[in-house]
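The listed protein sequences derive, respectively, from chains A and B. Heads up: the first sequence begins at 0 in numbering that gives the first Met the number 0, then just goes up one per residue. Heads up: the second sequence begins at 0 in numbering that gives the first Met the number 0, then just goes up one per residue.
No wet-lab data here; the hints were simulated from the structure. Any given hint could be a false lead.
[Claimed, not checked] Simulated restraints on C-beta separations:
1. A:59 with B:22: 43 to 51 angstroms
2. B:4 with A:89: 22 to 30 angstroms
3. B:2 with A:186: 25 to 33 angstroms
[Unchecked claim] Using 30 angstroms as the maximum straight-line C-alpha spacing, the simulated DSSO-like pairs for lysine-lysine come out as follows:
4. B:174 with B:162
5. B:162 with A:64
6. A:20 with B:63
We put the beta carbon where it would ideally sit given N, CA and C, even for glycine.
Listed here are the chains, written in short residue letters.
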Amino acid sequence: MSDALDENRELTLLLLLTARKDAQAFRRLYDRTATRMLATALRILRQRSLAEEALQEGFVAIWNKAGQFDPVAGAPMAWMSTIVRNRALDEVRRRADNPQVNTDDLGEAAFGTSVSAEQTLLDLEMSEALRNCLGELEGKQRQALVLAYAHGLSHGELSAHLAQPLGTVKSWVRRGLVALKRCIDYCTGQHETA
Amino acid sequence: MKLPDPEVRDSLCAEYTVGTLRGGARRRFETLLAQDPDLQRRLAGWQAMLPTERQRESLPQPAKAVWCGIRRRLGFPGPWREFFDRIAGWHGWAVTTMATLALAIGLGIGFETARRAELPSTGSGVAMMSGQDGEFLALVRIDSDRGMLRVALPGGLQPPAGKVFEFWHIAPGSKTPVSLGIQAALGGELAIRSGRRELLRRGGTLAVSLEPAGGSPTGLPTGPVLFTAPLTGG
Chain A
0 MSDALDENRE LTLLLLLTAR KDAQAFRRLY DRTATRMLAT ALRILRQRSL
50 AEEALQEGFV AIWNKAGQFD PVAGAPMAWM STIVRNRALD EVRRRADNPQ
100 VNTDDLGEAA FGTSVSAEQT LLDLEMSEAL RNCLGELEGK QRQALVLAYA
150 HGLSHGELSA HLAQPLGTVK SWVRRGLVAL KRCIDYCTGQ HETA
Chain B
0 MKLPDPEVRD SLCAEYTVGT LRGGARRRFE TLLAQDPDLQ RRLAGWQAML
50 PTERQRESLP QPAKAVWCGI RRRLGFPGPW REFFDRIAGW HGWAVTTMAT
100 LALAIGLGIG FETARRAELP STGSGVAMMS GQDGEFLALV RIDSDRGMLR
150 VALPGGLQPP AGKVFEFWHI APGSKTPVSL GIQAALGGEL AIRSGRRELL
200 RRGGTLAVSL EPAGGSPTGL PTGPVLFTAP LTGG
């Protein structure tokens, strides 16, 4: 647990230095986190070359936006992951919108045997509260959330993958998030007193 | 278009974070986000909570070309320049070590080894100063060679009347703080007392306490320790 805290401190420091345009700190930030960021992009894009492009774009954005990171809020890894994830999701959407790209291929790649919500959960780092609260969700809601979040599946892709109507998967995602938030707020003591 | 209902606001932030908010709905959300600090805060809350990849052996490494691409895009100088810039920097003894290593091994290979030997393991050049609840206050730049601390706190922090801030160094494994000097207002430069400049090279912790004017009369903190800054890797 203290390793995570130490890493948090170091990454926060490196981000603050990066915001001051310290290229050495930025390089160190890259060295410490790029491998995990690549994994994040690979889960969504499934192709190495695309994932490395998203990684590169992501880090350029991290350099440019480091000043927006709030050190008091903490969570440097989550902040950076979000940037890389968004780049990866943008690429997925670009390919989905582009009629020349064979979206069936993307579908195949996304639904390969390695996409398992339960396995993915084991490979992700998260707070105790989040892990417990995810555990308390209904299996279908949890599966939909993990596939959407970690693997970048859209509502339409979820519907196809889980063989459920669109309305059903939308509801699983929405209700799953509501239940998750309620549970986490409760666990972290932020619930309203009844 | 406004979104007064907090549950709707949370719900949209959540969906945006997870990635299921797409198309027109996503664009509308982003437009709202740009103008709405509360929405930005909620979004940040969601983003901070969600999972990241666990470090593990089996993860594939990014190709070297990725970093080269980043460096090129951002217009960084080439690796040779980075090496010399680092020598010219303020990392004191660690820089000397790297320079010696490079000269001993030979330029090309030595450079790569030196780069990996990179950050000094003690007397780190920058530290983060936080309050007792862990809230970040300021960066402290440490210049061991010149015996200076520089606290990056624009505007400074004024102590209560009749008090000053005193800086202490606590060596690793020690419980005894050693005074480095005082600042009438927290922020800006502190010239460390002579005879104590070497302490910073050894890692440990910086601490700041509130003392009567002129500093602690006893040589140990008499007032509350308000801020600390661990020297990383020490």
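- Query: Is the hinted pair residue 20 of chain A and residue 63 of chain B satisfied, with a Cα-Cα distance of at most 30 angstroms?
  - Reply: It holds: about 22 angstroms lies between the C-alpha atoms, which stays within 30 angstroms.
- Task: Mind checking the hinted window 22 to 30 angstroms against the Cβ distance between residue 4 of chain B and residue 89 of chain A?
- Result: holds (29 angstroms)
- Task: With 25 to 33 angstroms as the target window, see if residue 2 of chain B and residue 186 of chain A comply at their CB atoms.
- Result: For residue 2 of chain B and residue 186 of chain A the Cβ distance comes to about 26 angstroms; the hint holds.
- Message: For a C-alpha distance cap of 30 angstroms, please report whether residue 162 of chain B and residue 64 of chain A respect it.
- Response: violated (39 angstroms)
- Task: Please test the hint of 43 to 51 angstroms on the beta carbon pair from residue 59 of chain A and residue 22 of chain B.
- Result: Given a distance of about 26 angstroms, which is not inside 43 to 51 angstroms, the answer is violated.
- Is the hinted pair residue 174 of chain B and residue 162 of chain B satisfied, with a Cα-Cα distance of at most 30 angstroms? holds (24 angstroms)
Checked against the numbered hints given earlier, this structure breaks hints 1 and 5; the rest are met.
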